[in-house]
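Q: Chain by chain, the residues run as shown.
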Amino acid sequence: MTTAAPPAYVPGALPNVRRHRVSRSRVFLALLQRDLRVARKELPFFLIRTSLQPLLFIIVFGYLLPKMGFMAGSYTSALLPGILAVSLTFSSVQSVALPLVQDFGWTKEIEDRLLAPVPTRLIAAEKIVAGVIQGFIAAAFVMPIARLIMGPIAGLSLSNVPLVLLVVLLGATAFSSLGLLLGTAIEPQQIGLMFSVIIAPMIFFGCAYYPWAGLSTVPVMKYAVLVNPLVYVAEGLRAALTPSITHMPMIASTAALVFLSILFWTLGIRAFEKRAIG
Amino acid sequence: MTAAISTTALRKVYKAPSQKRGQPAPGQSPPPGGYHALAAPNGGGEIVALEGLDLEIAEGEFFGLLGPNGAGKSTTIGILTTRVRPTGGRAFVDGENVVENAAAVRQRIGVVPQRPNPDRSLDVLENLVFHAAYFGVPKGEATRRAGLLLRKLGIEDKARAKIDELSGGQQQRLMIARALIHEPSVLFLDEPTVGLDPQARLGLWDILRELHDAGRTIVMTTHYMEEADQLCDRVAIVDRGKLLALDTTARLKARAPGGTLVLLTLDGDAAAAADVARALPGIDRVEVEEATLRAFASRGGEVIPALIKAAESVGRTVKDIGLREPSLETLFISLTGRTLG
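Sequences listed follow chains A and B, in order. For the first sequence, our numbering begins at 12 and goes up steadily by one. For the second sequence, our numbering begins at 18 and goes up steadily by one.
Note that these hints are calculated values from the structure, not bench results. Be a bit skeptical, because a hint or two may be false.
To be verified - Part of the chain B face toward chain A, derived, beta carbon under 8 Å: (1) Q124; (2) R137; (3) H148; (4) A150.
Stated by the list, open to error - Per the computed footprint, the stretches of chain B lying under chain A, defined by three or more beta-carbons under 8 Å from a beta-carbon of chain A, are: (5) 88 to 102; (6) 113 to 121; (7) 130 to 136; (8) 151 to 162.
The beta-carbon is built from N, C-alpha and C at its ideal position, and this holds for glycine as well.
For reference, chain B alone in the conformation it holds in the complex (with noise of 0.2 Å):
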């Protein structure tokens, strides 16, 4: 497999006092209270964004960059679309080296930003063919581009709409049909779904995974753990500008603390039960909420029938049992001792 995406010791200093006027990622503004309140000074005004991160993105993969407000998620995705100039290190896209040869590198890219930036002086259907031409799509070739996209996105009756018109879900999708009508092969995507409701959400997913069967490369920030979850190949924990753990979702899963959790719901209290519980061999862990309990097993399903035995030793019933994966959300606490809020 070829690496679309590559980067050694890639580094990003800001310089402290320029947070009003240079913002770190134009376009991909600082999250509140992002970098500047967490990233760790560097004594002399200065802050560390991004701290030797070295990744490598195989073609057609679809990757996740997962990690807390000011971890670093933006930067990275801001100099990998050659819009933030690194400080150190170096990072290639597609084989072209990001700050030497940006034009290439933006010929192969598409961008959706983390707040859509439609051109609001334009109509949607004009915000797609100037964006094909500002990358050499002919007019012709462009409007029938987007017109096909404009429908696989489910906004084609929008096309002479202009851009006050749509909901936030529907400027989300015309900044996805922007990012593709130039055909490139990778596509980024900085927190795609923030400020999206439930279904448009659910609805970008799909577009997403559509996206991603078609072969192309797709690099995500989230700080959704089950966006990350349900969509990536593989993810990078990131946090203070460090990567914390890489792998796939499944193997980072697997790495999460207390194994398997498997719930109870009795018909009653369930503190004498887990009492019992607790006693039991392969358990880690038990915890108690009225009726529900919760043990974590490294081996998951095989401690059921011992459970249903504890509580019904102390007179209870098992109303419902369920089984909870190892998450990445167990994963990223025990990594960074925060939640991803």
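Pulled out of the complex, with its shape left as it was, chain A reads as follows (with noise of 0.2 Å):
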């Protein structure tokens, strides 16, 4: 009875063993961890470029304006909630679509990985599940940021912190599979054009900054926002951390976030076979 010892490996040398398939998590797990790491080594640029807008945001509208009297103190019930939905889908769709942009368009780096040997779909998915774990990242780092700034908001409750993750989780699920889909879609040049065509109007129409119930002085616009997807994160927000606020009932925010993760995740994955296979 001998024990095999590993053949040793030779470099360059071919492997005299047949190779065992590997497990799919496993790979799912390593495209992960390059994620991360890479996120790491940047995460003092990420926290900048997902935070200092709606931090700005914040500085203005929730502590300058208010102190000078120009709002109403209870406004910044109405803008946390907002401000952590801009924090945590734009983070996630950044984090997702701008790499995805530069790989696909020019670097080509993302080659390595879709040689990996699992579907390529997996690959999609482990991108768009990388999104949602920064867009996580950033909605903590700007919660309690936020609360100190505009000292203590009315209303904000943390009693429904499962509800509160909930929302997250969807809001994340839904904007990262949408930076998958732009990601794919979008060639280097038109970078820009997506911050100001997309981005811009999708946050200054996404309810992030009023409260949604409050456009029913103007019902055009009450409707016409509904097919912004930030509505439903910032309103599912407020029904979670603010109550007291008057917001979309949490069971339509929550149904419309599950019904747009399913499309933007089929969208995305398909976008991106389609892109990564000629």
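Please assemble the complex out of the two chains, which come individually in their own frames, going by the hints.
A: In structure tokens:
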């Protein structure tokens, strides 16, 4: 009874053992580890990129304007969930879309991952999961800072943590998947256009800086903005974090986010596969 | 011998308007003025990149795909490496279907791209260790292999370097290390020496020879005749998506027109000597360029004494004699009517 020692690795030599098929979950974790390693290396830039804009908003609208008396102090209760929604969703979109646009557009760096011995859709799914994690990180970073700058927030309730997590998870999934879709569809030259034509209008008409119910004064807008996925993240977070503010029924925003997650997930993965396999 | 790779009636048609968006072979980007400029349009805005390619490559073979830009070389590699979906026909690598069993094919292959595409967010060692991880190689083992490969390829001092700190040749070596770290049985290289300086190119040749000697199947595209000639067991000459010739380099060269080339350098103008040489039996063609006389003869060496006599008969002395084997280049020109460029 001899135990065969593992064959010594000779660089460049041909393996004489038939390899086992690698488990998909193992490859998936390796891909995820790579993205998180890169994210960690770029953490300061990542936080600045995704949080600076919401933070500036907090300073002006959550601190300065209420202090000057232009805004009622209660505005911060409507603003906080909205700010969180913006940080969450746009860090998710960006952390998936930006590297992909570059990778597919010119550097072709993603090639080494596209050669991984798993179905291409698994590689696409990994991108979404990495985006969800980065969305969580951005939200977790902005939340305490927002609370710190805005001071006490009327009606803020932390009793619904599972509900908050659910909305954050669904929002991050929908927007990471959207990032996958945009990242495979957009050419590097069009990145600027993506921000000004898609992202900026989404933020401004996403009910992030005002509650959806407030749009009742402009009924056309109230229904037009429903095509904007951000609305459901902002309203869902309002329902979970500041339930005393008038908000869209939790069931409606959650259902919409489930629907959008499935839609963008399916479209995003299909677009990725199409782009990856010529 | 088992076939490491086989293709049957492999066909690839690109839709012409997708030129900008869906690039023909992601990563193996089309050569400048590639398919689109050269491939024959097939009516309704379609571009035929491959037109019924049949190949059989044996295990352990060093196989060359030779052809000009736009010939369909990169598309062939793209299909065999599961990165391009064929429009028709079938292809197998190590017995696995490249479309139906793409993951199994990927497990068995290593790919060196046309232009190095290392993961720039990672350093050199991380590039290798992560790539190994995508193939299920544990970190400790991957690190060990990476060290050995880097040493073998002469860039062990760069293990902790950022990608930007590597020269083009070093990046290409890193690509080879990456392609080998998961121990593939088939190695694909798409024009691996384009853009390398001559020294780096020779270095790469040595590495490839060694990998081949170890028994690995290697498939390489190139548009350098010399490269195919130096390295490959067999060469397929492709152009406009079709296979024009497929044989060992020696036999392909034997098919080259005009046979062996005899080069004579005289001590003065060779025109008069050429007139005499043209009348000699066994000589197919004679060209003159100042003091150089080029004679094509089917039985190369045998005509040398006669050629020397011809030169002396017009009062010239032969200063140098050279023999050139029939070249792939001459064959290629006679097959396609074009040079490789």
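Q: A separate judgement is required for each hint: does it hold in the structure or not?
A: Status of the hints after comparison with the structure:
Against a cut-off of 8 Å between C-beta atoms, the interface hint on Q124 (chain B) holds, since the closest Cβ of chain A lies about 4 Å away. Given the 8 Å rule on beta carbons, the hint for R137 (chain B) holds: about 6 Å separates it from the nearest Cβ of chain A. For H148 (chain B), the interface hint holds, since its Cβ comes within 8 Å of a Cβ in chain A; the closest pair sits about 5 Å apart. At about 4 Å, the closest approach between the beta carbon of A150 (chain B) and any beta carbon in chain A falls short of 8 Å, and the interface hint on this residue holds.
For the segment 88 to 102 of chain B, the assignment as covered by chain A holds, since 6 residues bring a beta-carbon within under 8 Å of that chain's beta-carbons and 3 suffice. Using a Cβ-Cβ cut-off of 8 Å, 3 residues of the segment 113 to 121 of chain B lie near chain A, which meets the minimum of three, so the contact claim holds. For the segment 130 to 136 of chain B, the stated coverage by chain A holds: 5 residues have a C-beta nearer than 8 Å to a C-beta of that chain, and at least 3 were required. Evaluation of the coverage hint for the segment 151 to 162 of chain B: fulfilled, as 6 residues show C-beta separations to chain A shorter than 8 Å, against a requirement of three.
Every hint from the earlier list agrees with this structure, and none is contradicted.
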